[in-house]
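Novice: Chains as they are written, first to last, in the working numbering: chain A, 1 to 285; chain B, 1 to 301.
Check before you lean on any hint, since a few could be wrong.
[Claimed, not checked] Taking CB as the label site, the calculated pair distances span:
hint, chain 1, residue 1, chain 2, residue 2, range
1, A, Leu227, B, Ala6, 39 to 47 Å
2, B, Met109, A, Gly61, 42 to 50 Å
3, A, Glu181, B, Met109, 37 to 45 Å
4, A, Glu170, B, Gly26, 49 to 57 Å
5, A, Leu80, B, Arg64, 45 to 53 Å
6, A, Gly61, B, Pro264, 36 to 44 Å
I should point out that these hints are in silico values taken from the structure, not numbers from a laboratory. Positions of the beta carbon are idealized from the N, C-alpha and C atoms, including for glycine.
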Amino acid sequence: MNRRHLEQQVALCAMYGALVMVVVSLLLIIGVTVLRGGHVLVTRPEVVVTPPGPRYLLGGGGGFVHAILGSLYLVLPATLLASGIAMGIALYLQSDYTSRRTAGAIRNLLDALWGTPSIVYGMFVLTILISLQQRASLLAGIAALTLLEIPIIARYADAAVQAVPPMAKETSYALGTTRWENSQVVIRYALPGIATGVLIGLGRGIGDAASVIFTAGAGNNMPSGLLEGVTALPVLIFQQASSFYPSVREQAYAASFVLIVIVLVLNVASRLVTNYFARYIPGGR
Amino acid sequence: MPRDAAGLRMRKEAVSSRGMQALALGISVLFLVMLLLLLAKSRPLLSGYSLTEVLLSSHWDPARGQFGFAPVILGTFYVTFIAMLIAVPVSLLCAVYLSEYAPGRVRRMFSSFIGVLAGIPSVVFGICALLVFVPLVADYIGPWVGVETTGLCILTAGLILAVMVFPIVISLSYESLQALPIELREASLSMGATRWETTRKVLFKAAGPGMLSAILLGFGRAFGETMAVAMVVGGKNQMPSLFAAGQTLPSLIVSSFGEMMSLPLEQSALVFVALFLFVVVTVFNLLARWVEKRLQARWKI
């Protein structure tokens, strides 16, 4: 074997090594969460449905149903809001509405906002809260999450809208439709991509702690109103993870088990939903 | 068609296009408002201290009015650098394998793997880092190098960040490899180059900007990552060293939040940290985007 083929073999081995490293790290993360969290859930399944007891984070007993509910109350309205706004933006970026240059600039901006660390959104909403002399609340948490999710969903929706075949739009325009009516055709075509974007935004939102930890309150109460503080699952995990009490740490493992199950379900759902909506597209299924 | 029905259609059209324009403008305005508000709120700090003083001083003691970000900024770069040092070669090799070598089945399976990895929340990474990497560093790597460490240190944070950066760098550089025309490969292979030579001498050069943009985006992600790092970095404002507890910019915000409400100047200092993060990450993202555009212009994609 000559030197060139040896080099090729070495490179291939390095690639296999890299592949194994990535796969192992993923399996490690899911495995550890499932094993440690699963163990807690099997021995104490009631933590998922019990409200927190007094001195909860100091080992006072109870469960984390308040965080599960809080997460849902935070992320569902935020995703709904963000999807609406993102759809509007994505449709506006079509050449029917605006010039290529403006659209390009807005796309760059959306990319920049997508990459912005979520703690920046958290601090931004927090500074607004401080200026308004308000306390952290469910509403502020929803606002922060909406800001976080808009660029994600908008970029997915935009990519899907851009991929709509021009022929579909032209056919509809030829029938005398307005741009708004035409957009409804466009949405049909783009639905699989949009649905993926919404679910990815939802996943990002439900797993994000940095944007809600200051804005939603992070207290240990059941969610009780729009202007009251709530806590979210990832925030709770963060607080519990480095606790001094083993029983509290165990709850963090259980909570991350719940979180990772939600994320995996969303991942599978996005595949199914994408396939489902593909039936509106000729040849899509 | 009756007149009023046509009028209604036109009104719908007008209202909807105005509305969407407002949304698109709104997102641009939001960007500016974020920048300006964060700037305005960090004024109390910046009017009391000069920018160089804040960025270069290493004394952090809010109660005494000392705000030096140097250790934290260095810590952030340190952690990010470790993460990139591991993540970049591994991710690029993975992307090359997937794009150039892997059979279709492996490729599909792996890309759904990457999708899952990308969706895992950062606190879950944090938990796993606490359960796996902290003992690993404290009990194996530390003693092996001959250093006593608790495991809550810069190195651990860098390791977990590397895992978090994998999906973004892999998927983006994979895409930029896939976007290259097949003729490039055919031309090189027909000249008798091996697959690896084709990859190294032709594809890396051609997809270079795309890979660079992937690396820059990965850098941005690592730079701003908050929760996982805050859980394992140790939270001490001291000059960074591999096996000692340190602090990064985002974790500084999280760990100082409790005291921040009582000290207005510290509050301003933390807003300044957020501003700094926002600006640095935005610059990197826009740079990545610009580099990527150059690639697209070159290959007319």
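Novice: Verify the CB-CB distance for A:Leu80 and B:Arg64 against the hinted window 45 to 53 Å.
Specialist: holds (47 Å)
Novice: Cβ-Cβ distance between A:Glu181 and B:Met109: within 37 to 45 Å?
Specialist: About 42 Å separates the Cβ atoms of A:Glu181 and B:Met109, which means 37 to 45 Å holds.
Novice: Taking the beta carbons of B:Met109 and A:Gly61, is their distance inside 42 to 50 Å?
Specialist: About 43 Å separates the Cβ atoms of B:Met109 and A:Gly61, which means 42 to 50 Å holds.
Novice: In this structure, is the beta-carbon distance linking A:Gly61 and B:Pro264 contained in 36 to 44 Å?
Specialist: holds (38 Å)
Novice: Quick one: are A:Glu170 and B:Gly26 within 49 to 57 Å, going by C-beta?
Specialist: violated (30 Å)
Novice: Okay, A:Leu227 versus B:Ala6 on CB: inside 39 to 47 Å?
Specialist: Cβ of A:Leu227 to Cβ of B:Ala6: about 45 Å, so the range 39 to 47 Å holds.
Hint 4 alone, counting from the list given before, is not met by this structure.
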